[in-house]
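Here the protein sequences come in this chain order: H and Z.
Counting along the first sequence from 1, when you hit position 160 you're at 160 in the working numbering, and nothing is skipped either side.
Counting along the second sequence from 1, when you hit position 291 you're at 291 in the working numbering, and nothing is skipped either side.
It should be emphasised that the hints constitute simulated quantities derived from the structure, not laboratory data.
Cβ coordinates follow ideal geometry from the N, Cα and C atoms, glycine included.
Don't take each hint at face value.
Listed below are the simulated DSSO-like cross-link pairs for lysine-lysine, each with C-alpha atoms no more than 27 Å apart in a straight line [to be verified]:
#1 Z:Lys-314 x H:Lys-3
#2 Z:Lys-481 x H:Lys-323
#3 H:Lys-413 x Z:Lys-96
#4 Z:Lys-489 x H:Lys-290
#5 H:Lys-376 x H:Lys-443
#6 Z:Lys-481 x H:Lys-38
#7 H:Lys-286 x Z:Lys-489
#8 Z:Lys-314 x H:Lys-413
#9 H:Lys-153 x H:Lys-38
#10 Z:Lys-354 x H:Lys-13
#11 Z:Lys-438 x H:Lys-13
#12 Z:Lys-43 x H:Lys-286
#13 H:Lys-152 x H:Lys-286
#14 Z:Lys-489 x Z:Lys-463
#15 H:Lys-3 x Z:Lys-481
#16 H:Lys-286 x Z:Lys-438
#17 H:Lys-290 x Z:Lys-481
#18 H:Lys-166 x H:Lys-290
Per the computed footprint, the stretches of chain H lying under chain Z, defined by three or more beta-carbons under 8 Å from a beta-carbon of chain Z, are [claimed, not checked]:
#19 152-163
#20 238-252
#21 313-326
#22 343-350
From chain Z, some residues computed to sit far from chain H (all C-beta separations above 10 Å) [as the list claims (entries may be wrong)]:
#23 Thr-33
#24 Asn-66
#25 Thr-109
#26 Glu-299
#27 Val-308
#28 Asp-390
#29 Ser-396
#30 Gly-398
#31 Phe-424
#32 Glu-426
#33 Lys-456
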Amino acid sequence: MYKYFPHTEEDLKEMLATCGVNSVHDLFADVPEAARWKGDYQLPEALSEIDLRLFFEQLTHPVNAQQLICFAGAGCYDHYAPSVVQNLVQRSEFLTSYTPYQAEISQGTLHYIFEYQSMIAELTGLEISNASMYDGATATAEAALMAWANAKKATRVLVSETLDPKVRRVVETYAHYHGVPLKLIPAKNGAFDRNALDQELAEGGVAGVVMQQPNYYGVVEDYSGVADAVHEQKGLFILHANPSDLAILRTPGEWGADVAVGDGQSLGIPMTFGGPGVGFMACTEKLIRKLPGRIVGQTLDNRGQRAFVLTLQAREQHIRRQKATSNICSNQSLMALYVTIYLSVMGKQGLREVAEFSYAGAHSLCDKLLATGKCKLTFPGQPFFNEFCVDYDGDLDALLAECTECGYLAGVKVGEHTLMIAVTEQRTPEEIEELVDIIKEHKE
Amino acid sequence: MNRTLYGNLIFELSKKGRKGYSLPHDYDRTHTTAELPQALRRKEAARLPECDELTVVRHYTNLSHNNFGVNDGFYPLGSCTMKYNPVINEEIAAMKAFAGLHPLQPADTCQGALEVYFNLQQSLAELAGLSEFTLNPCAGAHGELTGLMVIRAYHESRRDDARTKVLIPDSAHGTNPASAAVCGLEVVEVHSLADGTVDVDHLRELLADCGSQVAAMMMTNPNTLGIFEPRVLEITELVHAAGGLMYYDGANLNALLGECRPGDMGFDVMHINLHKTFSTPHGGGGPGSGPVGVRQGLESFLPTPRVVFHEEEKQFAVDAPEGALGSIGCFFGNFGVMLKAYAYILTLGRENVKNVGPLATLNANYIKERLRDDFLLPIQGLCKHEVVFDGLADKSTGVTTMDVAKRLLDYGYHAPTIYFPLLFHESLMIEPTENESKETIDAFIDVMHQIAAEAKSDPEMVKSAPHNTPIGRVDDVLAAKHPITTYWKSIEE
């Protein structure tokens, strides 16, 4: 017997007799002989639970998985999630359920998705949010395809050079296979080049413009007038945002964006080597029927109670097949629950405090690094939030290696001499001080 | 599950000034966001809830009581493979040493994580009979799209630009044609025969007609009716002869573990749903994971980043080789899900993994044989891991598949998949998985017979089910006609 298979010899005998066969293999008599697998899988033998635990403990030994003090960001941030988040999402009624097709026994999931949608709408300043998507990168790619489908006579989608290059690569990949021409809006001193944008728009045929706030390099850009200019061309303005910063920063809705996308990882989700995170996507009310992904709506049941249900499914693949707004099937539900619970405990005030904390830490670290005389701002004069770039005067690889040696992940290298550093509320003044000391003392 | 609805929204529990968190006091406050120009800041604070911690804990605990998971009861949802999600796997995925890893930290500081990725992809390759997998896709549909991109990149590399069509059986899951459309391919439907299998004569006609334009054929096997495609070898040969590739939709792979490998049937590219076949929880709709595997010769097209093993240095590394199709995500996909799937494979081991398909198939055939008296079985013969009925055998009562499904909820079961596949009007698709005991299945069968009897004796009661759930049937039309998708919209009303 085996712990995941409850079939006793007696069960097997009775069930096989009911099926009119002698062995379980007879149930595969309809499989052509040449398609049958007769070999033995080259896999290890079964591990007991004790051995399984030992195996993973060895894999997570500090030699194999070093816990570095994290000053890296670039789309994945080391924010703190209160214990209640992880504890509640592990409730098996949430964890082991399927997509909430049967509304009568899925109100738990439908209810929290409705709350999630409300929170995302509020943070982004837009009216509508879907039930979540895989991650920020695919949400951005889907938004670009949405703009393309929305346009009548477009020739291209514009993408800012200050968009995370990893996200851009995903947008390019989707666009290439879907047949959407892209054009890059170049950057000047770490922000999009407004003249270049104006020129592109003047040529017409723009289905949409994709930009990021704060942008990849941490710069908080000024998007005044962009939405109006894009709308004049009947295009969509798509803003990729870090939702954690939206506690403070001007919202995509306030900038006039039609679609806001991004990754919700910064809202209570552990880094876990980059996934799972959660993509969010919000839009204006008039685009609701063009939005990809699941949407939960409010309705009534036959007893007159408020109830929640998957709605506007006529947009989706299981109804529309190749004419659907996207091929996406499920959302990233449990990760949306992380976000919902995180935002419920942090609340109106807590999210702002996290933002202040991170902002103050990043600016304090920046001041101290500049004071060492070994670093200078890569984009002088540009406002930033909790992530910024400095140019290091020396061999950056050697410096980073020494930081790692000392237990610090000092940031992400984004140019030969350019280091991008992120600070969250988890970084203590002592850690900031020590990182500065390592860099100050580092000998070439 | 709770019988009464827990109805408050978190926003309705909020009271000005309440806090549910605590942050350290000691930090350098030299800089504040007030330094940012006014134009860059939001005008008003976001209206997030203000709640104390216990209020939040009770709220989400109560919400969970209005939900139904595999741990609550039998979940015979066809095509979804709702198997047991082992508890130990959750513990492993939550280990702080994994949860605290940043995806861009140097490869020599995260060899353990890279090893999990590499070894899991190798295990999947072995089980699938293919050469290499990428684990980057986040879900099944994401995997389909990635697999089709591999196929397009392959044809592009040969400058065979005419191949813009993809053949898809009319019985396929909706994601197949939708993924093809997103990938810029034109869908051509292949007809099914009356028994639900691919009409090979129609396939021959299509290939004769436009074979040189066929990029690939997508196939699910066992198909969406739970039937093994008996002519699969002939089909893969025909498509290959026309220069197309064969794509295997791994949605139904569970049936075949231990008995067949897609690679051996002639498939070139496939995806696997780790949240189906490899036991990772569905999480109410995600996160899933949809690894994509390819046969030898197609590895170079897989998306970046790729995790590789350098034999000489005995080191795992991250690579972004030329020729790849591009990227379909920033990092390595849903790593947390991979940990659970890998733990599952190690727990099964070579000796148990081969019983997965046979036991799942036994459970499904047993249900088929025992329910065929009261439920209409449109396709005779063996099924694989799932069985499709065409509603109740007695159509005179007016009780539909929807009614049967809703009545099952009253008895503490999740409903089967209903009205899919589209081949029948009253499809009721049951997938029991290998984890369910004979007692569980017998009890379910008894309830199904009971419902069939109720349909005769008291059809109105069945048609108005469910009666014992927190809410009754919902008004879908109202929701769609007048969409209210946020709390803010609901309070404007």
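Here's how the hints hold up against the structure:
no., hint, verdict
1, Z:Lys-314 x H:Lys-3, "35 Å, violated"
2, Z:Lys-481 x H:Lys-323, "21 Å, holds"
3, H:Lys-413 x Z:Lys-96, "25 Å, holds"
4, Z:Lys-489 x H:Lys-290, "19 Å, holds"
5, H:Lys-376 x H:Lys-443, "18 Å, holds"
6, Z:Lys-481 x H:Lys-38, "55 Å, violated"
7, H:Lys-286 x Z:Lys-489, "14 Å, holds"
8, Z:Lys-314 x H:Lys-413, "25 Å, holds"
9, H:Lys-153 x H:Lys-38, "57 Å, violated"
10, Z:Lys-354 x H:Lys-13, "19 Å, holds"
11, Z:Lys-438 x H:Lys-13, "11 Å, holds"
12, Z:Lys-43 x H:Lys-286, "23 Å, holds"
13, H:Lys-152 x H:Lys-286, "16 Å, holds"
14, Z:Lys-489 x Z:Lys-463, "33 Å, violated"
15, H:Lys-3 x Z:Lys-481, "49 Å, violated"
16, H:Lys-286 x Z:Lys-438, "52 Å, violated"
17, H:Lys-290 x Z:Lys-481, "15 Å, holds"
18, H:Lys-166 x H:Lys-290, "25 Å, holds"
19, 152-163, "violated (count 0)"
20, 238-252, "holds (count 6)"
21, 313-326, "holds (count 12)"
22, 343-350, "holds (count 8)"
23, Thr-33, "5 Å, violated"
24, Asn-66, "4 Å, violated"
25, Thr-109, "4 Å, violated"
26, Glu-299, "18 Å, holds"
27, Val-308, "16 Å, holds"
28, Asp-390, "19 Å, holds"
29, Ser-396, "25 Å, holds"
30, Gly-398, "18 Å, holds"
31, Phe-424, "16 Å, holds"
32, Glu-426, "17 Å, holds"
33, Lys-456, "24 Å, holds"
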